[in-house]
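Required output: the full structure, derived from the provided sequences and hints.
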Amino acid sequence: MKLLTLLAAFVVPALAAGKRPNLLLILADDMGYSDLGCYGSGIDTPNLDQLASEGLRFSRFHNTGRCCPSRACLMTGVYPHQAGVGHMLGKTKFPAYSDGLKSEVRTLPETLRDSGYDTFMSGKWHLGWSDSGAPEARGFNRFFGSRGYVDSYYDIVPKTDIYLNDKIILPAGKTPHNPLHPNREFYTTDIYTDYALHFIDDHLEKKPDQPFFGYLAYNAPHFPLHAKPEDTAKYRGRFRKSGWAPLRQARLKKLKDAG
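So the sequence shown is residues 1 to 259, counted in my numbering.
These are calculated hints, taken from the structure and not from any lab test.
Keep in mind that the hints are not guaranteed to be accurate.
25 Å max Cα-Cα, derived DSS-like pairs, lysine-lysine [said to hold, decoys possible]:
#, residue 1, residue 2
1, K228, K207
2, K91, K102
3, K228, K19
4, K207, K102
5, K167, K228
6, K102, K159
7, K159, K93
8, K159, K228
9, K91, K174
10, K234, K206
Shown next as structure tokens:
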């Protein structure tokens, strides 16, 4: 399987009894089933492991094996061909293979927004480049990130401009920076997290009595997998010593032992 998206949805405690919960949906791109510690990986993922131990873990679920269709399913609850994203984005004569979500297909943020939720997204959208198919047109009140794909963790390459709502604030080809923290290095995982936290803090300050729905959609660990130097140093030699075959067998055994 080439792609497995991790969906980690957890409910932030309600501000008062009887109120609808705040929702945060986190997506990891191209992550294998056994890449998390709780599913048998040798990679340290303590925070996600804690979420898994205190919440609900899925053991039988499937996706399309590609990025865009999986994101389309997640945002609409229908099969990717029904949503118009049967494969990677690209306009064709077939309605099931288009350059964005079908306008007649309702999205999760649209439904929640109409139900009284404040909605925001930070990260990689990849479900439509046009203004009519952008996140803010498909149910999100606020958006920070790329409408398309992300080909670098450290730079902004063509077609991966960074938007704040409907305006480009970090254009491709320019030296990127973190608008919230100018002294920090630009790194997509960090900046997407920073903006998600910013949106949450801003919401809790200005709209404490209204529930929110946040969608934090990383490009990590999708290729080119630009790990930070300190992470590379931490794991240097851990997997190379045994090689792929023993590692694969060990992970498979852990998955079987877990049921």
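Checklist entry - Hints broken by the structure, by number, lowest first? => result Numbers 1, 3, 4, 5, 9, 10 - these are the hints that the structure violates, sorted from lowest upward.
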